[in-house]
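This is what each chain is made of:
2 protein chains.
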Amino acid sequence: MTQTRPVFFVSDGTGITAETLGHSLLAQFPDTRFRPHRMPFVDSPDKARDCAMKIRDAAVESGQRPIVFNTLVDPDAVAGLREADALFLDLFEKFIEPLENELGQRSTHAAGRFHGIAESQDYKRRIEAINFTLAHDDGVSHADLAEADVILVGVSRSGKTPTSLYLAMQFGIKAANYPLIPEDFERNKLPVELTRYRGKLFGLTIGPDRLSQIRQERRPNSRYASIENCLHEIEAAQRMMKREGIKWLDSTAKSIEEISTIILQEVRLDPPSY
Amino acid sequence: MTQTRPVFFVSDGTGITAETLGHSLLAQFPDTRFRPHRMPFVDSPDKARDCAMKIRDAAVESGQRPIVFNTLVDPDAVAGLREADALFLDLFEKFIEPLENELGQRSTHAAGRFHGIAESQDYKRRIEAINFTLAHDDGVSHADLAEADVILVGVSRSGKTPTSLYLAMQFGIKAANYPLIPEDFERNKLPVELTRYRGKLFGLTIGPDRLSQIRQERRPNSRYASIENCLHEIEAAQRMMKREGIKWLDSTAKSIEEISTIILQEVRLDPPSY
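Chains A and B, in that order, give the protein sequences. So the mapping is simple: my numbering equals the position in the first sequence, first residue as 1, plus 445. So the mapping is simple: my numbering equals the position in the second sequence, first residue as 1, plus 445.
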């Protein structure tokens, strides 16, 4: 019988960092089943003790010792949390001290200072990028394409929209996207709006079977979704990208995280200093 | 003079986990300037040694000892990376061993097994959610609203679209969103399409000054953007949400991460087991 381990992500903020790292670590143990619980905004010793109570309850209910990922730093809150019996993995505590020693500074957490994410330059840049990407999805607007960091091109349903949104949301990249359509292949030319921005173009391609399957879900039994048409469009798009010197990648077996990371490498978009 | 510290995020995958945690940690040291470098797909000792070379170059160029966040686990790759002189913060290594001991299992990394993100159930759920959210942005479709995990409501530009996309992308939540418009306030009724789904509704409100400022950027000097009109719409929306028993929050000073986390708490959407 498979036991299900309770897992808690505890943070004085949103807990998204704790959950991201925790999830990556737990993915290394596919033979265990985990039941995750989010515990955000645990910003006082009292709330930490409430949290410890929930951890204890989960231990009793499951008959399993819980695993707790936490980014708390305040010693009183940490002590409150540790009133429960669990495997505690302190994601911040382990690294703050070596960073303080290296930089010769106290961290703001230790000093009791805290600034909301929403105030930061980095955050404003991400929100601007999301708005830009939504306004430049699927070729709907050519205005301000000069502002784009990258312009994704590819046949319909090759993964351009989710990749563009991920680039904007995670990395603050202004990512426009532009479909390559049968008319472009007949004229055998890049859409004229794009020729000025050749240096910003990046192509996505996809396996014909996968493309046909995705298009079938949208428009079952259409010519659009047929394997012959998918094959034809993909070949025509790849010929065009090759001729125009556009870099591209095959999105078939890749996640939007992987696709986005490869694009950033290829177009050499390192994060800005902060 | 402010020195700029080189920072490296090294991973055998996308490095997004390393960057997320690293960024949170460095944000605790606002008095130091950091210059980040992404080093994804470092999946061999050779690539790790190339990386060490870049770390050394950055040290020489900046005159500063670099900081390296890494999620490598393979001992040969770790040894290759450590040929450079830097502060190394091993984000995985520290936690894999206690997890192996607790679970009584080797991790797949240690065992040399690796599955791409793109194959996982969790990933498929996220992509489905993104497609759902895009198809149900700004009230464009009422089809399948029964499938929504949550339906955000609020006046135009109160933050519904970016929040919906973040909920979908980060958490795999099917988040529709629906605007409350002057016609709804005149009729003094919820849009009829929504009345069936009252239990899924969650409201966003926003301060009138901030709303007016955001709307000015879209339509300068319009009645739509005027402070009087913003104030009127916000009051009418809040009255309606109060009367209909819809929970809401004020998005004014909050990031989409914070807004999303609060919504998940309020509607009690814990992640599925995995």
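Treat the hints with care, since some could be wrong.
In this list, chains with the same sequence are indistinguishable; a pair is considered to hold if it fits within one copy or across any two.
Simulated pairs of lysine-lysine, DSS-like, Cα-Cα distance not exceeding 30 Å [as the list claims (entries may be wrong)]:
#1 634 with 539
#2 539 with 645
#3 687 with 492
#4 539 with 687
#5 699 with 687
#6 634 with 645
If you're looking for bench data, these hints aren't it; they were derived computationally from the structure. Note that the structure is a prediction, hence the values are computed from the model and not measured.
Evaluated hints:
In the homo-oligomer, the alpha carbons of residue 634 and residue 539 never lie at most 30 Å apart, since the shortest distance is 56 Å inside one protomer and 54 Å across protomers. For the identical chains of this complex, residue 539 and residue 645 are neighbours neither inside a copy (41 Å) nor across copies (40 Å), given an alpha-carbon limit of 30 Å. Taking CA atoms no more than 30 Å apart as the test, residue 687 paired with residue 492 passes between copies only; the shortest distance there is 28 Å, against 58 Å inside one copy. Taking identical chains as interchangeable, the C-alpha atoms of residue 539 and residue 687 are never at most 30 Å apart, the minima being 49 Å within one chain and 45 Å between chains.
For a Cα distance limit of 30 Å, the shortest separation of residue 699 from residue 687 inside one copy, 21 Å, qualifies, whereas the shortest one across copies, 45 Å, does not. Within a single copy, residue 634 and residue 645 get their C-alpha atoms as close as 17 Å, which meets the 30 Å cut-off; across copies the closest is 48 Å, which misses it.
Hint check: violations occur at hints 1, 2 and 4; the rest are consistent with the structure.
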